[in-house]
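*Asks:* Going down the list, the protein sequences come from chains A and B.
All residue numbers for the first sequence refer to the numbering used here, where the first residue is 1 and numbers rise by one.
All residue numbers for the second sequence refer to the numbering used here, where the first residue is 1001 and numbers rise by one.
Because the hints were derived from the structure by calculation, they are not lab data.
Using N, Cα and C, we set each Cβ at its ideal position, and we do this for glycine too.
Hints are supplied without guarantee of correctness; some may be wrong.
[Stated by the list, open to error] Computed far set for chain A versus chain B, every beta-carbon distance over 12 Å:
no., residue
1, Ile4
2, Gln6
3, Val19
4, His24
5, Gly40
6, Asp56
7, Thr77
8, Ser83
9, Thr99
10, Val111
[As the list claims (entries may be wrong)] For lysine-lysine, the following DSS-like pairs were computed, each having C-alpha atoms within a straight-line distance of at most 27 Å:
no., chain 1, residue 1, chain 2, residue 2
11, B, Lys1057, A, Lys11
12, B, Lys1005, A, Lys70
13, B, Lys1071, B, Lys1057
[As the list claims (entries may be wrong)] Computed footprint of chain B on chain A; a stretch qualifies when at least three of its residues, placed anywhere within it, have a C-beta under 8 Å from a C-beta of chain B:
no., region
14, 63-72
15, 86-98
16, 104-110
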Amino acid sequence: DAGITQSPRHKVTETGTPVTLRCHQTENHRYMYWYRQDPGHGLRLIHYSYGVKDTDKGEVSDGYSVSRSKTEDFLLTLESATSSQTSVYFCAISRAANTEAFFGQGTRLTVV
Amino acid sequence: QQQVKQSPQSLIVQKGGISIINCAYENTAFDYFPWYQQFPGKGPALLIAIRPDVSEKKEGRFTISFNKSAKQFSLHIMDSQPGDSATYFCAASDGDSSYKLIFGSGTRLLVRP
Chain A
1 DAGITQSPRH KVTETGTPVT LRCHQTENHR YMYWYRQDPG HGLRLIHYSY
51 GVKDTDKGEV SDGYSVSRSK TEDFLLTLES ATSSQTSVYF CAISRAANTE
101 AFFGQGTRLT VV
Chain B
1001 QQQVKQSPQS LIVQKGGISI INCAYENTAF DYFPWYQQFP GKGPALLIAI
1051 RPDVSEKKEG RFTISFNKSA KQFSLHIMDS QPGDSATYFC AASDGDSSYK
1101 LIFGSGTRLL VRP
């Protein structure tokens, strides 16, 4: 999986609690992405980063925030989890824009 | 707003047949069009990609056809095999301005033996 580690792999949390998902890469790639995958919607971009401390919103960013203080780590935070955020979350990395993106194994998040 | 529309949602093909998945895009600034393959429990993995300076790209049994004027591109899987059964996603990005890779909604392919 191209040196990408997502943690945790599975998580069950209660509505209203904060949740942080971590993506760690060992490839020194500049670009990092967070996607969510839901049936019928494919992969939707939440946030992405084009460098340390450089982040931008994707298609479905409401309710999510991100931080990238080091090249290797990209954190996704749900400030107050809701049931609509139950999903499988994928982190991806790429060396440059318009090049192959490598995906992690995913994190299955359930908000009850 | 869905910028990349993919069809069909699901596809059943007999072994040895041709699988065809289509995508259409709206943003004329898109200049990179990859296809990803995903097996259950795994992250997507790049299958093949094309840039708009060519109309077709072939890698083994997999071919991308690209029609810039129609803003459409498609994946053809020749001699489909049961091991090709997976979910396929088209995607597009504009490397000059946004760096974002936007995906279609996916096609679940089942190849029957």
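*Asks:* Within the region 104-110 of chain A, is the number of residues with a Cβ closer than 8 Å to a Cβ of chain B three or more?
*Replies:* Per the Cβ count (3), the hint holds.
*Asks:* Would A/Ser83 pass as off the interface with chain B, using Cβ distances and a cut of 12 Å?
*Replies:* Per Cβ check, A/Ser83 is outside 12 Å of chain B; nearest 22 Å; holds.
*Asks:* Count the residues of the region 63-72 of chain A whose CB lies closer than 8 Å to any CB of chain B, then report whether that count reaches three.
*Replies:* Not satisfied, violated; 0 residues make the cut.
*Asks:* So A/Thr99 supposedly isn't at the interface. Is its beta-carbon more than 12 Å from every beta-carbon in chain B?
*Replies:* 8 Å, violated
*Asks:* Please work out if B/Lys1057 and A/Lys11 have their alpha carbons no farther apart than 27 Å.
*Replies:* Outside the cut-off at roughly 41 Å; violated.
*Asks:* Taking only the CA atoms, is the gap from B/Lys1005 to A/Lys70 under or equal to 27 Å?
*Replies:* Status violated; Cα separation ~35 Å.
*Asks:* Just double-check A/Thr77 for me: nearest Cβ-Cβ distance to chain B has to come out over 12 Å.
*Replies:* About 20 Å separates A/Thr77 from the closest Cβ of chain B, which puts it past 12 Å; holds.
*Asks:* With 12 Å as the threshold, tell me whether A/Val19 passes as away from chain B on beta-carbon distances.
*Replies:* Per Cβ check, A/Val19 is outside 12 Å of chain B; nearest 20 Å; holds.
*Asks:* Beyond 12 Å from chain B, beta-carbon-wise, is A/Gln6?
*Replies:* Contrary to the label, A/Gln6 does not stay out of reach of chain B, its closest Cβ about 9 Å off (not over 12 Å).
*Asks:* Would the pair B/Lys1071 and B/Lys1057 pass a check requiring their Cα atoms to be no farther apart than 27 Å?
*Replies:* 16 Å, holds
*Asks:* Confirm or reject the statement that A/Asp56 sits farther than 12 Å, beta carbon to beta carbon, from all of chain B.
*Replies:* Label violated. Min Cβ-Cβ 8 Å, cutoff 12 Å.
*Asks:* Does the claim that A/Gly40 lies off the interface hold, with its Cβ farther than 12 Å from every Cβ of chain B?
*Replies:* Label violated. Min Cβ-Cβ 6 Å, cutoff 12 Å.
Of the numbered hints stated above, those contradicted by the structure are hints 1, 2, 5, 6, 9, 11, 12 and 14, listed in ascending order.
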